[in-house]
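Engineer: So the sequence shown is numbered by my numbering: it starts at 194 and just counts up by one.
These are computed hints drawn from the structure, not numbers from a lab.
Just so it is clear, the structure is predicted and the values come from calculations on it, not from any experiment.
Careful: at least some of the hints might be erroneous.
Claimed, not checked - Label-pair restraints from in silico Cβ distances: (1) Gly309 with His352: 15 to 25 Å; (2) Ile230 with Asn307: 31 to 41 Å; (3) Gly342 with Asp199: 40 to 50 Å.
Claimed, not checked - Straight-line alpha carbon distances no greater than 30 Å define the calculated DSSO-like cross-link-like pairs of lysine-lysine that follow: (4) Lys256 with Lys234; (5) Lys234 with Lys386; (6) Lys299 with Lys386; (7) Lys247 with Lys323; (8) Lys386 with Lys247; (9) Lys394 with Lys234; (10) Lys234 with Lys299.
Note that beta-carbon positions come from the ideal geometry of N, C-alpha and C, so glycine has one too.
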Amino acid sequence: DSVASDIEVTVGEARLPCTLRSTGSWYTYRSVEIGQISLEKPGEYPVAVRCTHKRGGAVMNLKAVTLVPACEGTPPIQGDDGTILLHAADSTIHGTLLQWEPAENKRTIGYWANVGDSVSWDFAVTTGGKFEIELLQGCDSGQGGSQTGFHFYAENQPHPLAVFPHTVIDTGHWQAFRPVVTGQIDLAPGQYKLRVLASSKAAGAVMDLRQVLLRPVR
Numbered sequence: 194d195s196v197a198s199d200i201e202v203t204v205g206e207a208r209l210p211c212t213l214r215s216t217g218s219w220y221t222y223r224s225v226e227i228g229q230i231s232l233e234k235p236g237e238y239p240v241a242v243r244c245t246h247k248r249g250g251a252v253m254n255l256k257a258v259t260l261v262p263a264c265e266g267t268p269p270i271q272g273d274d275g276t277i278l279l280h281a282a283d284s285t286i287h288g289t290l291l292q293w294e295p296a297e298n299k300r301t302i303g304y305w306a307n308v309g310d311s312v313s314w315d316f317a318v319t320t321g322g323k324f325e326i327e328l329l330q331g332c333d334s335g336q337g338g339s340q341t342g343f344h345f346y347a348e349n350q351p352h353p354l355a356v357f358p359h360t361v362i363d364t365g366h367w368q369a370f371r372p373v374v375t376g377q378i379d380l381a382p383g384q385y386k387l388r389v390l391a392s393s394k395a396a397g398a399v400m401d402l403r404q405v406l407l408r409p410v411r
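Use the sequences and the hints to build the structure in full.
Structural biologist: Next up, the structure:
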């Protein structure tokens with residue numbers, strides 16, 4: 194219920210300022226997005242919330258601070274030629290081990306040792322039609338055979354409109370990327386999410402995934 198007090202949220206060395214707004218009551222809670230941070234390494238990070246300028250009788254009632262996975266780069270957009278490139282650099286990581294590896298010889302989603310981890314992209318289709326789904330995957334010698342699924346969702350829908358299974362192919366090295374077509378999908382103009390999940394791991398890790406390309410079928 195406080196009016197326009199200023200706070201600062203710190204996570205490790207990252208600092209995010211925020212000016213509060215009234216919710217109408219001390220016990221009417223609203224979620225407020227205050228910015229993005231990058232946590233480069235696994236480990237424990239201290240989280241703190243402090244008031245930097247109090248206005249009124251009190252600052253706020255605080256129920257929770259939530260860190261939500263965010264896009265590593267920028268949300269993909271459809272190209273002039275109709276293709277939609279979902280690159281690892283623009284993905285959102287969900288999990289504890291899976292990560293974006295920016296090294297020039299990698300530029301991939303890697304460390305997929307936890308089957309429960311997953312990766313997703315939010316993307317827009319401006320020119321609809323039928324698209325071929327081509328992924329660029331790598332897998333070390335003797336590590337192939339993991340089972341994955343490419344789940345496509347319409348905006349804000351809890352159930353996928355289509356799921357395409359993919360058995361990971363042994364390419365001889367994690368970064369020996371090979372294009373694989375998993376199927377075709379019809380997409381009308383609108384907002385979508387692609388989420389890639391693993392249902393089984395054949396050996397040490399699922400795969401390295403550099404990109405998914407949605408190519409119009411002429």
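Engineer: Need the list of violated hint numbers for this structure, in ascending order.
Structural biologist: Hints 2, 7 and 8 contradicted; others consistent.
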